[in-house]
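Undergrad: Model the full assembly from the supplied sequences, consistent with the hints where possible.
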Amino acid sequence: MKQLSTKVTSNGHGQDSSYFLGWEEYEKNPYDEIKNPNGMIQMGLAENQLCFDLIESWLAKNPDAASLKRKGQSIFKELALFQDYHGMPEFKKAMAEFMEEIRGNRVTFDPKKIVLAAGSTSANETLMFCLAEPGDAFLLPTPYYPGFDRDLKWRTGAEIVPIHCSSSNGFQITESALQQAYQQAHKLGLKVKGVLVTNPSNPLGTALTRRELNLLVDFITSKNIHLISDEIYSGTMFGFEQFISVMDVLKDKKLENTEVSKRVHVVYSLSKDLGLPGFRVGAIYSNDDMIVSAATKMSSFGLVSSQTQYLLSALLSDKKFTSQYLEENQKRLKSRQKRLVSGLESAGITCLRSNAGLFCWVDMRHLLDTNTFEAELDLWKKIVYNVKLNISPGSSCHCTEPGWFRVCFANMSEDTLDLALKRLKTFVESTDCGRMISRSSHERLKSLRKKTVSNWVFRVSWSDRVPDER
Amino acid sequence: MGSLIKSGGVSGAILSRIATNDQHGENSEYFDGWKAYDKDPFHLSRNPHGIIQMGLAENQLCLDLIKDWIKENPKASVCTPEGVYQFSDIANFQDYHGLKEFRQAIANFMGKARGGRVTFDPERIVMSGGATGANETIMFCLADPGDVFLVPSPYYAAFDRDLRWRTGVEIVPVHCSSSNNFKLTVEAVEWAYKKAVQSNKNVKGLLFTNPSNPLGTILDKDTLKNLVRFVTRNNIHLVVDEIYAATVFAGENFASVAEVVKDLDSSEVNVDLIHIVYSLSKDMGLPGFRVGIVYSYNDSVVSCARKMSSFGLVSSQTQFMLASMLSDDSFVDNFLMESSKRLGIRHGVFTLGLKKADINCLISTAGLFVWMDLRHLLRVRNSFESEIELWHIIIDKVKLNVSPGSSFQCTEPGWFRVCFANMDDDTLHVALRRIQDFVSKNSNKTAEKASDNDKLIQNNNAKKQKWKQSNLRLSFRRLYEDGLSSPGIMSPHSPLLRT
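Protein chains in written order, with the working numbering: chain E, 1 to 470; chain U, 1001 to 1499.
FYI, nobody ran anything at the bench for these hints, they're computed from the structure. Please note: incorrect hints may appear among the correct ones.
To spell it out: a stretch of chain E is covered by chain U in this simulated footprint if at least three of its residues, at any positions, have a beta carbon under 8 Å from a beta carbon of chain U; those stretches are [claimed, not checked]:
1) 29-39
2) 66-77
3) 81-87
4) 201-209
5) 316-322
Being a predicted model, the structure only gives us computed values, none of them experimental. Glycine residues also receive a C-beta, built at the ideal position from the N, C-alpha and C atoms.
TA: If you want it as structure tokens, here you go:
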């Protein structure tokens, strides 16, 4: 309709992507252990359903928070009327401390620099409105979260220019990739306002290495641009490495309270770490007063419900709970990831070695008919419609290499995961490729394990050397 | 901050225009009242001489009913022992369609708030971050940067932010005046529309709040019908913000645009042009819960707004609770009736108290405020400078935070919006007394401070004032006798006492 805005008529919402189409198929035929055992299993949704019991038992022990009371007195009226866009001070304090705890208390977060938002969806869009004019660009390493096309670009008019990462080095960000992206933006006549990374990465499930973080900070320093670090998965780190935040790097490089630190912004949310996406709790953290001020005003368009702020401020202020939760969450995620990885291995499928996130980045290149995105889409359709698993094809994440898929593992029961793996194994073995694989599976797995080890060795290393091609 | 902008030849570091301009409207002097209030907030016992907040259109009159319901329905909370079995499903639920039960309950409530004269389709209910989010979203759906929406003035001050700031949409006001009680007419809209089109503006639609903020008046059904016909003829959109729908306390029934859509023949209304914005912040007094709704008769708009709702979904915890509460028909029926009653009483008490100070308000039958006429107290008639001066006096001397008409883009100086539903009875009583005291003192001062130019007018007025003064003093004596001005001693028949 000509009468409507171009936002209605364009595809800027990004929902025609296969990422969302898979969801729609799932909605038509959702798996249920009893009611629909042949239905589609949802493995395209990065949810954390592993630790609700911990929160539920906390609720049972904390009736005041549960029933909108403070010290036994109802504060319903206060909450009903509280719409101050500065947010509840006790809640922001609790958020700041929780963020510090996730980072091993190595860095501090000032509650006054936190701006609440309706989920990180809203937080990311708000930052774009603050930092970019329509037509300005942000550089994003590929593969990236498909929702960014909507969140960063749709209503803001900003552009995304990809920083191409490849499997040759475990999809890590390199200096040359950064420079290439920057130049590409210029070729397209776009002004680069900054770089946005998700750390730990979605869809890779890996935390950025210190080398990459240093590279990023040096890059934005030299180009005088911004860095947004979406650390929504920071509490899902389960590898034995510690999560390194961009804030750690600023501290270690002695850049705190400098002009550069004003251009580094962190986005956070409770949707993944605490598994509470329904509650819409997102946050922007910035050292730039102007951004905090502007973003705070913009938060009017998506404030966090006061009853939710109150509940979560009580939850997160309980330090005994938060430390137990973080530890248990990581334990359960690790065990679940292992289950997926070994299940895939027995089907002759490997993943990028991951140490965080709610998903694995799965290598199905060997199952493609040809090394093309058409073949990837064909494979995806087979997996969705025949194997009845909704997984996310790499192309929906703007991956430059066909054949990679994101497969989630924390949004279902163990039994459902096992069933999904069984279905996948059956499917793989039924294909020509699969039959070949099972014949030489022993050899293949041996060489795959070598690859995995070398990836691991590279990841832990702090040296600047460029990885060998493998 | 300055260094940020100066630093670096490369302009990459500079923030966006949106982040650095004033289009959010918050640097306006109108926030002076708020700032003054924040520094010295009134409290009946702890700070009885502080500033009373009468600039906040909140509805605090029926929160007890909601509180009681929540207490009696622990299952409606996912956190109580009775409701926690739902916790994980609800905490996990982020589908931007919203909980089906929530949409059904909202549709149910919206229908009841309109006396059951119209029903709403739950499939067209789209969530947003309060009406603030809803209004911005509908702009994003209907207009591109540079497009224009006509908005009758006086209008809600924050529309300048909500409709324009990040969307780039322009507002062209349709000025309404006291000559016809600020009523919006089709002629006025037509005139503003033609003028805008002649100046090569791309007018995408008309938006107004009904019942009106700040006027508290409702648009009669015939005019509403004619406006619907007007937008249909000219193929532009109509957005009606019905956020105050259930705050009607007297007079005619509120005619929602939904009713008009139902009544009119399809040749007279193109429903693809009709959109409603709603919220629970005023009708239910729950601004903290951030429940905004976009309701459109246009399928593409519903679809687009729903995708955009990702930027401001209602917390599932809140959706769940309200789904339960608003599908409790006996609660809703009683709430709507009681709310209307209490608002009516409060409005009556307040306007009566103002009348005793010879202050008139625009006759209104809805809203959480009155549109107070203080033109006679302006030092210089028809001067916005005088209005601001008077406003500062009201804040600093009378110690009330009220909102000057100019902050609502009113074209006539001297009108003020004064909220009456965001405080308890005692506080209202204190506010009224302060107003009455101020007016009686001011009637003397007006005669003293008159400039030479005004002397003639003043002489004529002085005769009127003297008459007024003696009447005022008489009425004050009566007030004193009635015990209305003495705290703690309330005549049982006083209208200020809630029965």
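Undergrad: Tell me whether the statement that chain U covers the stretch 201-209 of chain E is true, taking a Cβ distance below 8 Å and needing three residues at minimum.
TA: Answer violated; 0 residues pass the 8 Å Cβ test.
Undergrad: Report holds or violated for chain U covering the stretch 81-87 of chain E, Cβ cut-off 8 Å, minimum 3 residues.
TA: holds (count 3)
Undergrad: For the stretch 66-77 of chain E, do at least 3 residues have a Cβ located nearer than 8 Å to some Cβ of chain U?
TA: With 6 residues close enough to chain U, the hint holds.
Undergrad: Verify this for me: three or more residues of the stretch 316-322 of chain E with a beta carbon less than 8 Å from a beta carbon of chain U.
TA: With 0 residues in contact (Cβ-Cβ under 8 Å with chain U), the coverage given for the stretch 316-322 of chain E is violated.
Undergrad: So is the stretch 29-39 of chain E in contact with chain U by the C-beta rule, three or more residues under 8 Å, or is the coverage claim wrong?
TA: violated (count 0)
In summary, the numbered hints that this structure violates are 1, 4 and 5.
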